[in-house]
Amino acid sequence: MELIAEIVVTFLLLCGAYFGFVGSYSLVRLPDSMMRLHGPTKSATLGVGSVLVASLVWMPVFGGIVSWHELLIPLFLFLTAPLTGNFIAKAIMHLSLRPEDLPKPTTGGTWRTYGHDSRPPVPETEGPNEK
Amino acid sequence: MIAYALWLAFAAYGVSLLFCLYRIVVGPTIPDRALALDTMTVNVIALLTLFGIQHGTTMFFEASMLFAMLGFVSTVAFAKFVLRGDIIE
Amino acid sequence: MIRRILPHPFMTLMLIAIWMMLVNRWAVGSLVFAIMLGIAIPLITAPYWPDSARYRRPGKIPAFLGIVVWDIIKANIAVSRIVLFMPRDQLRPAWISIPLELTQPEAISALAATITLTPGTVSCDLSEDGGSLLVHCLHAPEPQDVLDEIKTRYESRLKEIFA
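Chains as they are written, first to last, in the numbering used here: chain B, 1 to 131; chain A, 1001 to 1089; chain F, 2001 to 2163.
Please note that the accuracy of each hint is not assured.
Okay, derived cross-link-like pairs now, BS3-like style, lysine-lysine, Cα gap no bigger than 25 Å in a straight line [said to hold, decoys possible]:
1) F/Lys2151 / B/Lys104
2) F/Lys2074 / F/Lys2060
3) B/Lys104 / A/Lys1080
4) F/Lys2159 / F/Lys2074
5) F/Lys2060 / F/Lys2159
6) F/Lys2151 / F/Lys2060
The hints are simulated quantities; they were obtained by calculation from the structure and are not laboratory data.
The task is simple: from the sequences and hints, build the whole structure.
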């Protein structure tokens, strides 16, 4: 029983380390803002999720503590990761992309970020720090 | 076995934090920095959990919960600020 | 009648589960308090949530969640391979615009969240009339394939779940 738990925990920790590393490494390696968004929204979330599940398995078997509230954090992260990604994507669209760079909506009109109730997009494509 | 995996995971998340720091320093755009900060909070949650496993305690759970919530709220507040020029409408 | 006491049954269940997890030990007293919270909070906040999602076949939700979890794991392995080993000049990022058949806001946000968590795609924005979704792909030599997969794999299932 202990051996099985040990193998499971080790496997989950290694998965967590790998995915967490890939999630952050993509921030450094990929060439533009929109592509960098892909790493953290998926890999980092799964990495932290598997580390927390490892903790969930470890605590009762080796630590003698029965606790299941670690489950709350992966749940929360998996619910919020898409929202964070969406908000940052909108910020990128607003700051450094123009409607001409994107495909038109299939049903007509324009995207909501560029709609009439928001401010007009900033024309320059570079960040304010590179001036 | 677990001890080695733990150290490896510590190393991986430590290096991840450095990658995030690089992205925060280099930029080039503001959303990049916000994304790196968000990833940083996620990595810190993982580090806190690993620390809890190493010391055999669940004491750090509350801290990681706070990190998760604050990270999310601050990222959303930031994105709102970029989109609208205002956080509370 | 049941609608008046429990305006959002799923929210009630969720609140009970979250409270029990936060308390972190099993006791009848905690469960009673959790049920009290689960009934009181949706009632108090009901004015802010005027319409709730309409489900046609909520029994299909677990199967959908299973598919999504499996796809998240597959997606991460695929994305990590792209990030670690693919040369930068071979990456083919693409924007696609997906015409939506779903109309409920809850269904659209479920689809958007699923797209963000699965293979190399991030959902970015909705069109002004709510009829199409903007999606960015990390590596899509054939954008049409990605569109078809999203349509058949996720949207058709969500269409069955939501009325």
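Tested hints:
1. At roughly 18 Å between alpha-carbon atoms, F/Lys2151 and B/Lys104 fall within 25 Å of each other, so this suggested pair holds.
2. For the hint pairing F/Lys2074 with F/Lys2060, the CA-to-CA distance comes to about 22 Å; that is within 25 Å, so the pair holds.
3. For the given pair, B/Lys104 sits about 24 Å from A/Lys1080 by alpha-carbon distance, which is consistent with the 25 Å threshold.
4. A hinted pair counts as satisfied when its Cα atoms are at most 25 Å apart, and F/Lys2159 with F/Lys2074 qualifies at roughly 23 Å.
5. Of the supplied pair hints, the one linking F/Lys2060 and F/Lys2159 holds, its CA atoms being roughly 11 Å apart against a limit of 25 Å.
6. At roughly 17 Å between alpha-carbon atoms, F/Lys2151 and F/Lys2060 fall within 25 Å of each other, so this suggested pair holds.
Every hint, counting from the list given before, is met by this structure.
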